[in-house]
Amino acid sequence: MKTEFIRTDLLIIGGGTAGCWAAITAAQTGRRILICEKAHIKRSGCLAAGVNALNAYITKGKTPQDYADYCKQDAAGIARDDLLLSLAERFNSVTARLEELGLVILKDADGNYVSRGWRNIKINGENIKPLLAEAVSRYDNITVRNHVNITDLAVSGNRVQGAYGIGIRDDTFYCIEAPAVLIATGGAAGLYRPNNPGFSRHKMWYPPFNTGAGYAMGIRHGAEMTTMEMRFIALRCKDTIAPTGTLAQGVGARQINAAGEVYEQKYGLTTSERVYGTVRENLEGRGPCYLRTEGISPEQDDALIKAYLNMAPSQTLRWIEQGKLPSQQNVEIEGTEPYIVGGHTASGFWVDASRATTIGGLYAAGDVAGGAPQKYVTGALAEGEIAAESISRYLDTAPAAALDPDDLDAHRQEIERYLAPAEPENPDTAETLEAAMQQVMDTCAGGIGTHYQYSAAQLAKADAEIRLLEQRTERLHAADFYALMQIYELRERLTVCRCVIAHLNARKETRWHCFAERTDFPLRDDRDFRCFVNSRLEGGEFRIILRDLRARGGECNEHPD
Amino acid sequence: MSIRIDAAACIGCGRCTEICPGSLILRGADGKARLRDVRDCWGCTSCLKECPVHAIRFYLGADIGGRGSELHTEQQGNILHWIIDLPDGTRRDIPVNQKESNRY
Ligand SMILES: Cc1cc2nc3c(=O)[nH]c(=O)nc-3n(C[C@H](O)[C@H](O)[C@H](O)COP(=O)(O)OP(=O)(O)OC[C@H]3O[C@@H](n4cnc5c(N)ncnc54)[C@H](O)[C@@H]3O)c2cc1C
Chain A
1 MKTEFIRTDL
11 LIIGGGTAGC
21 WAAITAAQTG
31 RRILICEKAH
41 IKRSGCLAAG
51 VNALNAYITK
61 GKTPQDYADY
71 CKQDAAGIAR
81 DDLLLSLAER
91 FNSVTARLEE
101 LGLVILKDAD
111 GNYVSRGWRN
121 IKINGENIKP
131 LLAEAVSRYD
141 NITVRNHVNI
151 TDLAVSGNRV
161 QGAYGIGIRD
171 DTFYCIEAPA
181 VLIATGGAAG
191 LYRPNNPGFS
201 RHKMWYPPFN
211 TGAGYAMGIR
221 HGAEMTTMEM
231 RFIALRCKDT
241 IAPTGTLAQG
251 VGARQINAAG
261 EVYEQKYGLT
271 TSERVYGTVR
281 ENLEGRGPCY
291 LRTEGISPEQ
301 DDALIKAYLN
311 MAPSQTLRWI
321 EQGKLPSQQN
331 VEIEGTEPYI
341 VGGHTASGFW
351 VDASRATTIG
361 GLYAAGDVAG
371 GAPQKYVTGA
381 LAEGEIAAES
391 ISRYLDTAPA
401 AALDPDDLDA
411 HRQEIERYLA
421 PAEPENPDTA
431 ETLEAAMQQV
441 MDTCAGGIGT
451 HYQYSAAQLA
461 KADAEIRLLE
471 QRTERLHAAD
481 FYALMQIYEL
491 RERLTVCRCV
501 IAHLNARKET
511 RWHCFAERTD
521 FPLRDDRDFR
531 CFVNSRLEGG
541 EFRIILRDLR
551 ARGGECNEHP
561 D
Chain B
1001 MSIRIDAAAC
1011 IGCGRCTEIC
1021 PGSLILRGAD
1031 GKARLRDVRD
1041 CWGCTSCLKE
1051 CPVHAIRFYL
1061 GADIGGRGSE
1071 LHTEQQGNIL
1081 HWIIDLPDGT
1091 RRDIPVNQKE
1101 SNRY
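Chains as they are written, first to last, in the numbering used here: chain A, 1 to 561; chain B, 1001 to 1104.
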């Protein structure tokens, strides 16, 4: 195994939406920036297939505060006003910059952006990731290492010193020394049994390659995490798991049950209530549920077929090969398995206004950062920008970084252990243990199989099972560096699972249907749980910290419990 | 849902191997592209767009209602052609102008 040692001023882990934007922002200061990306920045992460709209934009007559208020209301209060506002204030400037980079945005005759609802604008988002990658390539002081998967942070004395990684195409152990590190690894998919666990197991909404690495690295080093219990469950087109917003907001399709009744109002219109309504209608025998598209015009059919090709081509392929266009057949919908995604809900690192985590020199942006739901693309860009600006200031006085030789050795030895010949009597593989983890999470921690519900007794079982699986990862064997990455991905997911279970257990109420729905505490409890549920891993156990809704990170505003 | 790589058409340029967001495409001993595991494809179609000889076809698995059609893309200037070959031998070509926004 080769070892490569790299020194840089700023290491960005994950060259996705937030990571690329942070790089081009920080590059203005002339500092050396290194992006380590597990895939290739031209088509990695959430934006690989393209996106259908910019979901977060301040349209005429609206203010950033309106957006923040909407997000707080949708999250039943559990969101940071300061973080949301700081993002919303930049939605429009990052959009203007995206347009300069080449993103096609729909305009009316007067040259104004055309909105979809009051906070979305219409684009052609198919090539949004190649455009970001191209922007990154214009800076000499940004180095991109594609196919380098970061496996752990190097932290001493609660200050980040860099990170370790594996080059999956050059079979290399990477040791990176950096006084500042930005985590931008996105959220976590693949924790729960997916909608189609067989041949199409990776036909998920969230990228199956975003494994929660950033959360896991932070958790392991004792970073404070927030709201990991607020899972995101997407309402999607059945089978293809394609987004539904284009149908609901684009052509005004309503949610109907098998009898053709519009059921949305019955359950409420927040993001979680829309999923919940669909689950209930099915459970009560009124399913399947659909988005009512029958009767739309041929022009609308044509526009939808193209719009889906720009972000979720499976859905267009389905319409064409089944010979039924949306005007001829309503589109069946279903809830996905739960994901942990800080760009949709508020899960992730507990950060202060500068996006500093509770580990010195470590910053977070995008889906990995908590507290601010409904960031989407423009919020991830805005957050990358804020973090990059903060890091540039931090670097003016930051102490030099130094990897601890013992820590480095331990990381090298761990890799060598996994690469050593397999134990002949061990039947476990990363694949079998992943399936076991997804099964446990599905049945005991509120997956699709239990209609997203769970109780304390089930969670206790889930926790015990996940711990056992964690132990079994120690004896796994990797035949090559790709298999090695799969072992690390499994370990990341297991760490995130344990944290999610601890959080689900700590919020002893039901504030959001489906997202965190308890059978033993079915009601909302504003007296005890109108607060953030935060945690830190200490000595192998999660310590839960309830924080006041006014807490701003960097302070210790504990919730009076 | 997954992809099929036409080994006869593949020229072994390695572009799909480079681009796949899951690093799922290998180059075999013959230099040609090979998918590690059909079940691991996310369906983003990045490899289709990257392939210079249209050797990669995308299809929906039967478990999610797939009927055996195959999709590939061909770029002509600003027009990205999405071409679907149906099992009955017919072909649908859906041209999308990349300089035009989605209407919805
Ligand atoms: C299918 C889909 C459709 C969406 N559609 C829209 C839309 O239409 N409009 C909208 O506004 N928002 C949309 N969103 C949301 C939006 O795209 C995301 O919130 C946003 O892109 C997240 O940015 P990010 O930087 O946090 O994550 P990403 O862009 O996913 O970046 C994370 C990066 O980290 C890399 N990485 C992960 N782990 C490691 C590791 N260990 N080492 C190195 N690299 C690593 C990944 O490969 C990836 O490149 C959509 C999301 C999805 C999944």
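If you're looking for bench data, these hints aren't it; they were derived computationally from the structure. Please note that the accuracy of each hint is not assured.
[Claimed, not checked] Here are the simulated distance ranges between beta carbons:
(1) L269(A) x E1100(B): 29 to 35 Å
(2) H1054(B) x L269(A): 22 to 28 Å
(3) V1038(B) x A109(A): 44 to 50 Å
Using N, Cα and C, we set each Cβ at its ideal position, and we do this for glycine too.
Taking the hints in turn, this is what the structure says about them:
At roughly 31 Å, the beta-carbon separation of L269(A) and E1100(B) lies within the given 29 to 35 Å, and the hint holds. In this structure the hint that H1054(B) and L269(A) lie 22 to 28 Å apart at CB is violated, the actual value being about 44 Å. Hint check: V1038(B) to A109(A), Cβ distance near 48 Å, so the stated range 44 to 50 Å holds.
Hint 2 from the list above is the single one not met by this structure.
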